[in-house]
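> Here's the letter readout for the chains.
There are 2 protein chains.
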Amino acid sequence: MTRLKEIICTVGVDLGGTNTRVAIVDAEGRMPASSNFNTRDYPRQQDFVERLAKEVDALFRILKEEGYTLRVKGIGIGAPCVDSRKRSIEGATNLPWKESFPLGRMLEEATGLPVAIANDANAAAIGEMTYGAARGMTDFIMLTLGTGVGSGIVCDGHLLSGKRGLAGELGHVTFPFASDRLCACGRKGCLQTVCASGGMVHTALELLATTTDPSPLRQPGGKLSARDIGKAVIAGDPVAKCVMRITEEALGRACAEFVALTDPEAIILFGGVANPEEMDAEHIRQVMDNYSLAIYRGRVKVLFSTLKGSQAALLGAASLPLHNP
Amino acid sequence: MTRLKEIICTVGVDLGGTNTRVAIVDAEGRMPASSNFNTRDYPRQQDFVERLAKEVDALFRILKEEGYTLRVKGIGIGAPCVDSRKRSIEGATNLPWKESFPLGRMLEEATGLPVAIANDANAAAIGEMTYGAARGMTDFIMLTLGTGVGSGIVCDGHLLSGKRGLAGELGHVTFPFASDRLCACGRKGCLQTVCASGGMVHTALELLATTTDPSPLRQPGGKLSARDIGKAVIAGDPVAKCVMRITEEALGRACAEFVALTDPEAIILFGGVANPEEMDAEHIRQVMDNYSLAIYRGRVKVLFSTLKGSQAALLGAASLPLHNP
Chain Y
4 MTRLKEIICT
14 VGVDLGGTNT
24 RVAIVDAEGR
34 MPASSNFNTR
44 DYPRQQDFVE
54 RLAKEVDALF
64 RILKEEGYTL
74 RVKGIGIGAP
84 CVDSRKRSIE
94 GATNLPWKES
104 FPLGRMLEEA
114 TGLPVAIAND
124 ANAAAIGEMT
134 YGAARGMTDF
144 IMLTLGTGVG
154 SGIVCDGHLL
164 SGKRGLAGEL
174 GHVTFPFASD
184 RLCACGRKGC
194 LQTVCASGGM
204 VHTALELLAT
214 TTDPSPLRQP
224 GGKLSARDIG
234 KAVIAGDPVA
244 KCVMRITEEA
254 LGRACAEFVA
264 LTDPEAIILF
274 GGVANPEEMD
284 AEHIRQVMDN
294 YSLAIYRGRV
304 KVLFSTLKGS
314 QAALLGAASL
324 PLHNP
Chain U
4 MTRLKEIICT
14 VGVDLGGTNT
24 RVAIVDAEGR
34 MPASSNFNTR
44 DYPRQQDFVE
54 RLAKEVDALF
64 RILKEEGYTL
74 RVKGIGIGAP
84 CVDSRKRSIE
94 GATNLPWKES
104 FPLGRMLEEA
114 TGLPVAIAND
124 ANAAAIGEMT
134 YGAARGMTDF
144 IMLTLGTGVG
154 SGIVCDGHLL
164 SGKRGLAGEL
174 GHVTFPFASD
184 RLCACGRKGC
194 LQTVCASGGM
204 VHTALELLAT
214 TTDPSPLRQP
224 GGKLSARDIG
234 KAVIAGDPVA
244 KCVMRITEEA
254 LGRACAEFVA
264 LTDPEAIILF
274 GGVANPEEMD
284 AEHIRQVMDN
294 YSLAIYRGRV
304 KVLFSTLKGS
314 QAALLGAASL
324 PLHNP
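If you read the sequences in order, they're chains Y and U. Note that our numbering has the first sequence beginning at 4, numbered continuously upward. Note that our numbering has the second sequence beginning at 4, numbered continuously upward.
Watch out, some of these pointers could steer you wrong.
Chain copies aren't distinguished; within one or between two, either way the pair holds.
Using 20 Å as the maximum straight-line C-alpha spacing, the simulated SDA-like pairs for lysine to any residue come out as follows [said to hold, decoys possible]:
1. LYS89 to ILE298
2. LYS191 to ARG300
3. LYS191 to PHE180
4. LYS8 to PRO35
5. LYS76 to ARG108
6. LYS57 to ASN41
7. LYS76 to ALA36
8. LYS304 to ALA284
9. LYS191 to PRO179
10. LYS191 to GLU252
11. LYS89 to GLY160
12. LYS89 to THR141
13. LYS234 to PHE307
14. LYS244 to GLU280
Calculated directly from the structure, the hints in this document are not laboratory data.
Using the sequences plus the hints, can you model the full thing?
This is how it looks when you write it as structure tokens:
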């Protein structure tokens with residue numbers, strides 16, 4: 004007689020501009036089944052919901068056929084431009100739906116399962132708290148460094164949402180060290196104009212234009228990217244290392260202000276640019292301590308996410324149903 | 004036969020450097036009984052606790068003798084330098100106790116009543132939510148403008164506390180418009196160097212030194228104070244009005260950054276300097292909207308506290324037992 008294998012699990016959905024990835028995630032953060040499909044194939048909201056519901060159902064079926072019993076706690080979705088109060092996606096520029104998309108409610112109707120939805124950075128913060136570097140922490144700020152700088156703020160064990168679900172736009176807090184840089188938002192001085200991938204490239208181009216030092220960044224074999232800078236740091240290129248120092252300095256100065264908001268235990272760095280082989284968290288911490296109010300000095304850690312690579316967004320989404328909205 | 008009058012109430016304690024004020028406060032914010040004593044008469048912690056417990060007991064007795072039945076929900080204390088997690092006062096410079104003072108626990112033992120304790124600015128925020136301008140709001144930021152700039156941040160219906168109870172030091176967030184001003188904290192550029200009473204006097208002295216315009220501020224009959232500036236604004240003095248415009252501009256620019264933290268419904272201005280006859284909330288709102296990220300523009304109100312004068316601190320303290328810690 005074979006014993007039934009029971010899994011307590013959630014479904015994680017990472018809704019991106021190109022791909023939508025779906026995974027069954029168990030309590031330890033393992034993914035016994037996952038799949039993905041092309042987001043752009045479903046410009047009609049209803050079609051997208053139906054495809055997503057089918058995908059979830061197919062994953063359940065696969066596991067049942069393998070002899071598992073599933074206790075599904077709910078579905079969690081990480082996506083851009085989420086209004087977490089309305090559980091909708093609102094005019095995301097890189098998604099096919101320009102009108103308000105009440106995905107939470109629609110998927111709930113299609114699957115009969117409870118659906119939680121949060122913006123990617125907030126989902127990552129919850130994921131970090133559930134499976135990653137912030138496990139056991141009640142107070143931390145997650146900075147996601149990628150195309151932009153996003154953030155998820157957890158204070159007193161609670162992910163801050165705000166009146167319209169728009170809390171935690173720390174990438175658009177402005178700083179004097181960035182006052183000459185125009186942001187995609189139309190303002191000048193936003194943190195992300197220095198610390199997101201495009202900002203780092205901006206810094207590199209400025210340095211290259213004002214020195215004649217040889218550097219692999221001068222001929223990256225195409226358009227210079229943050230990835231090129233990271234690789235050159237590892238290879239020991241002084242120009243790339245200087246770009247990274249400037250980025251770290253900016254992060255440290257920004258974090259010195261952020262700690263006065265929510266008195267966190269740690270700042271957690273996440274995303275493509277936050278690579279411990281390239282970026283120096285200890286340098287960021289030192290700058291932060293230098294600039295911060297005495298009561299916070301020496302008290303706040305700077306850590307890298309331990310949710311690795313492409314799994315992070317999925318794990319973050321999957322952890323949403325485990326926490327209060 | 005006289006009917007017993009039942010009052011559901013809390014005890015509010017406003018612990019200040021000079022006076023400690025105590026009041027019984029009912030659900031509508033009325034104070035049927037209150038008293039006060041000199042804080043400095045009790046340099047020993049135990050003596051202070053005993054005096055405070057006696058004072059509370061005396062107020063209960065007065066109301067009982069007047070025929071009231073009391074249902075006391077607890078005691079709330081507003082004080083400087085509170086560690087809300089430890090429920091203690093930690094080395095407040097203007098209080099007689101230099102060592103850690105576990106007032107919460109000690110008063111609980113002395114009275115048998117549950118005791119909540121919070122720093123003054125946080126107590127004011129809870130008071131505003133219970134009895135004042137923020138009644139019914141779940142998301143707002145309270146800025147207390149006085150000798151310093153304090154703040155209490157309420158997000159998702161919850162007063163932010165942080166890892167060590169030190170969340171919400173918005174008066175010490177730094178800004179480029181204040182970069183030449185040294186703060187009492189030892190750093191430069193803190194918001195309070197412009198928007199607290201001393202900062203306003205600083206601005207006034209700078210203006211007076213660079214113009215020869217006649218102004219009542221040139222001879223305030225003693226050392227110039229923020230009070231003098233406020234009075235001169237009401238009297239129509241152009242120099243004082245310019246000081247106030249500069250203060251409002253600074254507040255607006257700061258609030259433009261703060262809204263990106265917690266997506267509030269309103270900024271609420273409280274404290275001696277925040278007087279609607281002198282300060283223009285609509286000007287602050289316009290500057291804030293000018294500088295803030297588009298998603299917040301036109302969405303956030305700027306309001307004055309409706310808790311008036313000396314009652315505010317007491318009402319704030321009294322409302323603490325009605326909310327989760």
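> Now tell me if each hint is right for this structure.
Hints versus structure:
no., hint, result
1, LYS89 to ILE298, "between (38 Å within a copy, 16 Å between copies)"
2, LYS191 to ARG300, "between (29 Å within a copy, 16 Å between copies)"
3, LYS191 to PHE180, "both (11 Å within a copy, 15 Å between copies)"
4, LYS8 to PRO35, "within (12 Å within a copy, 65 Å between copies)"
5, LYS76 to ARG108, "within (16 Å within a copy, 40 Å between copies)"
6, LYS57 to ASN41, "within (14 Å within a copy, 72 Å between copies)"
7, LYS76 to ALA36, "within (16 Å within a copy, 52 Å between copies)"
8, LYS304 to ALA284, "within (9 Å within a copy, 38 Å between copies)"
9, LYS191 to PRO179, "both (9 Å within a copy, 13 Å between copies)"
10, LYS191 to GLU252, "both (19 Å within a copy, 18 Å between copies)"
11, LYS89 to GLY160, "between (22 Å within a copy, 17 Å between copies)"
12, LYS89 to THR141, "between (26 Å within a copy, 16 Å between copies)"
13, LYS234 to PHE307, "within (18 Å within a copy, 53 Å between copies)"
14, LYS244 to GLU280, "within (12 Å within a copy, 55 Å between copies)"
In summary, the structure agrees with every hint in the numbered list given earlier.
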